[in-house]
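Asker: Below are the chains, spelled out letter by letter.
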Amino acid sequence: MNPQIALPILIPLLAGAVSLVFWRSRAMQRLVAVLGTAALLATSIWLLVSVGRDGILVMQMGGWAAPFGISLVADLLGAIMVVLTGIIGFAVALYSLATTGRGHEAFGYFPLMHLLLAGVAGAFLTGDIFNLYVWFEVMLVASFALLILGSEKPQMEGAIKYVTLNLVSSVIFLVTIGLLYSMVGTLNMADIAQRLAHLDDNGMIDALAMMFLVAFGIKAAAFPLFFWLPASYHTPPVAVSALFAGLLTKVGVYALYRVFTLIFYHNPGYTHEILLWGAALTMLSGVLGAAAQFEFRRILSFHIVSQIGYMILGLALFTPLAIIGGVFYIAHHIIVKANLFLVSGIVHRLQGSYRLEALGGLYRRHPWLAVLFLISALSLAGMPPLSGFFAKFIVIRAGLEAGAYGVTFIALLVGLLTLYSMIKLWAEVFWKADPREDADTAPPAPRRGELWLMMTPVAGLALCTLFIGLNAGPLYSLAEASAGQLLAPERYIEAVLGNAGGGER
Amino acid sequence: MESLMAVAIGVLFAAAIYMMLRRSIVKLVIGLMLLSNAANLLIFAMAGMVRGAPPLVPEGLSAPAAAVADPLPQALVLTAIVIAFGVLSFAVVLVRRAWEVVRADDLDRMKDTDT
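Taken in order, these protein sequences are the chains called L and V. In terms of the numbering used here, the first sequence is residues 1 to 505. In terms of the numbering used here, the second sequence is residues 1 to 115.
For reference, chain L alone in the conformation it holds in the complex (with noise of 0.2 Å):
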């Protein structure tokens, strides 16, 4: 038994029950935020040592073996990618302490979260088709309900296309699980990738892969089916918008890179060159819609969407250094992107905005605050030491190897861009003087504790930044290692598959 799998899984899903239970009691809902993201991350943690050591770790719910019953299976990205989410998590938690109003709370904003880390690790940990779409479902009810706390205006009309553009993506999973199970029979991933192998109809087979690139493609914000995202990440409570912003458009990518490198990957000459030029695309329409953008948020939410293109980019090129670069840049991105929204947090704390003519001279007051978005900004543009660099580097290195050319002049590019619009927040955010002759229209000043609060998960994720940028071997080698595995998926179905009775390889 490996209970560590079905763990990241399960305490978020007490931690919500128990909060649900103390729905009166603002403060036990906080002391169990707190408690439960704290305890996901260190059960995360676990479960990535483990596979670490022991190889691809298979768990058969209620004991029923492997194509019958439900696998939770976690291989290295899926550890990778939980440890991330329990960062992730644990960091909002702490945020919104000092964030989240009374209102917000009043209404389940804890639970919520809770709800959301479960069916984001469950994502990441299932082996089977259909349980994925319940984890997505699970995801995206928890991220319905917390996108439209305090019901204002622009959340409303951000809401409507949010739930409208998700609920035809999951739709469109959902009629390719039935058109795949009336094909091969098995929902389990591991089953479906190997009787795949032994079919001959090759037109349906890249029919079901395109379809779930349009399924995933939504949910990841990749061109051109992202406009769900820029029209809505901007309005939540800006933890919330942290929390999606770090982790729900990864859900998408990792279920790309799950289908295509264990499911689709026998045709990559026609799959994966529409994956290539969907990532070219979402780069470039991404970085260009933020260069248009004069509002913290958005430019942020924009950049989603072209980081999403790098991401894909690395699955496209499908060689063994371009998918280590991609599982590479998940990682950094999650961490530096809820790190930018956390500080845009922060900034309209403190001058009660988001739009950036009406933002200006926080070097001058908070210095180290501007240190901080300055670390994780550049990050994102990919200067050097920072994690950003690297993981643009074995992307763009990937690309040159694999002779795909013309998209990787537009990953650098694209670089460029990025770093043109965060020197453009850099500039207007902190640089400049404060546009305001009176304070009269600033919030008032938070108290220290609660500045206090904010910062110190700001301060740790750009820590993390900084570490994997100073440190990068040991991320490198588990990227390397996680992009052994997946590309050679016969260890994953020979250790679902393999062994019935569930337990190690």
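These are calculated hints, taken from the structure and not from any lab test. Every value quoted in this text rests on a predicted model; they were computed, and no experiment measured them. Some clues are possibly wrong.
Stated by the list, open to error - Keeping only pairs whose Cα atoms sit at most 30 Å apart, straight-line, the calculated DSBU-like set for lysine-lysine is:
hint	chain 1	residue 1	chain 2	residue 2
1	L	Lys432	V	Lys27
2	L	Lys161	V	Lys111
3	L	Lys153	L	Lys424
4	L	Lys161	L	Lys424
5	V	Lys27	V	Lys111
6	V	Lys111	L	Lys153
7	L	Lys161	V	Lys27
8	L	Lys424	V	Lys27
Keeping the supplied structure of chain L fixed, place chain V upon it in accordance with the hints.
Answerer: Frame of chain L; chain V shown alone:
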């Protein structure tokens, strides 16, 4: 029977997409409902239509004697119906709240968050 189902599912999908392309948000939600029902029917039909053959193993045997209906897609459809019910009831409430806040049933007047 299968071809009849195929036509019915196709009509449902077409109707759903037509409704979703309307400007009214109420019609949008009706479109979403039709869409999820079309998907459920599709999964149901994917297993093949078998009449009067429940998946029961006769006593003394370890496998059913003849071809039986596949119970798994029905379990999937059941799950999908429950999920769709939850999500769509959320969507209905959302539309109502949106109407209260924005005072418009027209997607063209909900462009504040677009760019």
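Asker: Hints first: check each against the structure and report whether it holds.
Answerer: Going through the hints against the structure:
1. Only pairs whose Cα atoms come within 30 Å are accepted, and Lys432(L) paired with Lys27(V) is rejected, the gap being roughly 48 Å.
2. Pair hint Lys161(L) plus Lys111(V) holds up; C-alpha atoms about 10 Å apart against a cutoff of 30 Å.
3. Between the alpha carbons of Lys153(L) and Lys424(L) the distance comes to roughly 28 Å, so the proposed pair stays at or under 30 Å and holds.
4. Distance hint between Lys161(L) and Lys424(L) is fulfilled; the C-alpha atoms sit about 29 Å from each other, no more than 30 Å.
5. Proximity of Lys27(V) to Lys111(V) is assessed by CA-CA distance (about 18 Å); at most 30 Å being required, the pair is judged to hold.
6. At roughly 11 Å between alpha-carbon atoms, Lys111(V) and Lys153(L) fall within 30 Å of each other, so this suggested pair holds.
7. At most 30 Å may separate the alpha-carbon atoms for a hinted pair to count; Lys161(L) and Lys27(V) meet this at roughly 14 Å.
8. Among the hinted pairs, Lys424(L) with Lys27(V) is inconsistent with the structure: their alpha-carbon atoms are about 42 Å apart, more than 30 Å.
Figure legend: structure checked against the earlier numbered hints; hints not met, in rising order: 1, 8.
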